[in-house]
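Going line by line, the protein sequences match chains A and S. The opening position of the first sequence corresponds to residue 1 in the numbering used here, with each subsequent residue numbered one higher. The opening position of the second sequence corresponds to residue 1 in the numbering used here, with each subsequent residue numbered one higher.
Derived by calculation from the structure, the hints in this document are not laboratory data. It cannot be assumed that every hint is accurate.
Note that the list lumps identical chains together, so a pair holds whenever it fits in one copy or between two copies.
For lysine-lysine, the following DSBU-like pairs were computed, each having C-alpha atoms within a straight-line distance of at most 35 Å [claimed, not checked]: (1) 315 - 278; (2) 257 - 247; (3) 257 - 346; (4) 346 - 315; (5) 257 - 315; (6) 257 - 54; (7) 346 - 247; (8) 278 - 54.
2 protein chains.
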Amino acid sequence: MRRVAQETPAGVPLAQRASMQVVEPGERFELESGAHLSPITVAYETLGELSRTKDNVILIAHALSGDAHVAGRYRPDEAAVGWWDDFVGPGRAIDTDRYFVICSNVLGGCRGTTGPGSINVATGRRYGMSFPTVTIGDMVRVQARLLDRLGIDRVAAVIGGSMGGMQAIEWAISFPERVGSAIVIASTSRLSAQSIAFNAVGRNAITSDPRWCGGDYYDNGEPLGGLAVARMIGHITYLSDSSMQEKFGRALREAEKLSYGFDSEFAVETYLDYQGAKFVERFDGNSYLYITKAMDYYDPAAECSSLAEALAPSKARWLVVSYTGDWLFPTAQSRELVDALLVGRKRVSFVELESAYGHDAFLLEYEPLATIVSGFIQSVRDGKK
Amino acid sequence: MRRVAQETPAGVPLAQRASMQVVEPGERFELESGAHLSPITVAYETLGELSRTKDNVILIAHALSGDAHVAGRYRPDEAAVGWWDDFVGPGRAIDTDRYFVICSNVLGGCRGTTGPGSINVATGRRYGMSFPTVTIGDMVRVQARLLDRLGIDRVAAVIGGSMGGMQAIEWAISFPERVGSAIVIASTSRLSAQSIAFNAVGRNAITSDPRWCGGDYYDNGEPLGGLAVARMIGHITYLSDSSMQEKFGRALREAEKLSYGFDSEFAVETYLDYQGAKFVERFDGNSYLYITKAMDYYDPAAECSSLAEALAPSKARWLVVSYTGDWLFPTAQSRELVDALLVGRKRVSFVELESAYGHDAFLLEYEPLATIVSGFIQSVRDGKK
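All chains should be modelled from the sequences, with the hints used to inform the complete structure.
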């Protein structure tokens, strides 16, 4: 568990990048809110080969700030690889020599899938805040449409960390016949008040930036300052107190003495500045609003008498993983999910991994998550149902 | 510990409000940074009567967002009372029938003491960011000047929570002959990386607000949006996860159904909106920058081989209080202070109080803090040294 992924067992594969219109213009695709949205385009990526019987599909769902580019590179000479490249590739935990991996950008996102920054064909202008509110359920039904278009009835596994785990839960509930197993990592079936509060403050940072202009900023300057602040807030919650202390402590960036000025001087400040600046290059402020709202709303048990009742339709095998250092979605929330699955007599494995990293551990630590996930997937494939 | 202060043992006293120039125009008062500042005016408040021998003074130091108005009311018909009125008054933990209580607004503040919103006499304009960086040490030396002017050589106790506790530590180190006892509540001798990170993000929220204008906003619109976001971030850190969950959970403000819109709808969102809006009515964005920076900088051990060495000059008796639910300044940080005091053979009492409230418990829970503090002060007064 201590080893941070650096070396990977094999070379970096090429990922196939594509996009597909999954809701046609004029079609009425109804969202959970009751609003309709069309057309909907989905940006997605695949790695590996689809088996003849189409029984080797693994669907990866990304988190708040992720995108479809989960692993590999798009061109052989490209330096950058996908966000979970350590885990996904030939011989890795999610083995692209054996599995056909699909990852798509979520509905409401800003990395190729229809979202608030997309052109509304009815007006010829970008949606902005006229984009309808989307939910985790909507995201999943759009992914299901994508699988329909690809001729894939069923996935061996749907896997995701953080908001990706919420999508895995939703898949297992909404499409029980299509999901062989659900792997939910560092996630929760519903946000706590504190998590909603952090999301709300991030949204406030964006909407109180005068450049936000009610979301109608695409032809002018974007609310980059607010978006960077939102990302900084998020980043604090993704790391544990102890990992920040170990990594940065009270170290100064370069000087040995305090500057008595207001430029960032503690190393942790410089780190946050960097994370904020890097994020605004690739993310849209309105998408941040829509996606965090979808997270806040998610609560499959809301209309049920219990979480177990909400999970009752699921026919999947489950693997739930939490991290000791994760204070954003702490182990207690994973346990709540596991307990509800057990009440419903579902097959569920649960592991709490010790990690100093915090919430982001699933992105930062290769082992033992890799062994656990690959072993679980193998056992599902071996038909130990 | 469970009882939240509501009933107070006696009526609300009148507080005496005053201000005093403690550094004259033209005088060169050197700050820790090496910069000079003059004049300096201090806004302060007193309650109770100074004894003939001046041996009954208790100095209260306020936290980041506090001010000199610690207790009582300024006029008999006034509804509002000071921020620690439950603790300070006739018959209360800090008994104004016995003690002469002084509380002053900190240097760099915006509630009457010289700060970035004050007029720079050299230019005739408000300082803004030309105000020099101030430290906890500077705040304390300005308070010492105030006591000089009031003819008070020595205080029976200096007491403060959070940043107020830092000032109590600094008093005991810098003015060992003047401090009978130091009471440090929910505080720390230095911020962790995570706490610096939260402060840095709060400052970023203010400075990335285009209305901030490099701090030169006093004649135009203030950066209220950014300041409100900073306050919201702070408020999340002042409450514990469990207290937020218990108080708000996932409850909606009024509606029974989700709005599928972007107005605040979860109760916790409305709460944060309210805290943000209330705060910007009484606080200055630049002061927020300066005061959080002073907190970040505070680290009396930085130039010493150990915290014990830094604390060596102190001749005070110490009381250190932490709260189990405080994740901003957790008990481990109080223990670090206590351990260093013990290494230095200081007289120190330490209590960790169980509280679900989090960091703000010292403002919210009357007992057992009241009993502990009053007992400690009494024992110091009884000469059990």
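Okay, the hints, checked on the actual structure:
1. When the C-alpha separation of residue 315 and residue 278 is checked against a cutoff of 35 Å, the pair qualifies neither within a copy, at 41 Å, nor between copies, at 50 Å.
2. Within a single copy, residue 257 and residue 247 get their C-alpha atoms as close as 19 Å, which meets the 35 Å cut-off; across copies the closest is 43 Å, which misses it.
3. Taking CA atoms no more than 35 Å apart as the test, residue 257 paired with residue 346 passes between copies only; the shortest distance there is 30 Å, against 58 Å inside one copy.
4. In this assembly of identical chains, the alpha carbons of residue 346 and residue 315 lie at most 35 Å apart only when taken from the same copy (8 Å versus 64 Å across copies).
5. With identical chains, the CA atoms of residue 257 and residue 315 are at most 35 Å apart between copies only, with a shortest distance of 29 Å across copies and 61 Å within one.
6. Neither within a single protomer nor between protomers do residue 257 and residue 54 lie at most 35 Å apart by alpha-carbon distance, with minima of 62 Å and 40 Å respectively.
7. Only between protomers do residue 346 and residue 247 lie at most 35 Å apart by alpha-carbon distance; the minimum there is 32 Å, versus 40 Å within a single protomer.
8. Neither within a single protomer nor between protomers do residue 278 and residue 54 lie at most 35 Å apart by alpha-carbon distance, with minima of 38 Å and 59 Å respectively.
Taken one by one, the earlier hints fail for this structure at numbers 1, 6, 8, listed in ascending order.
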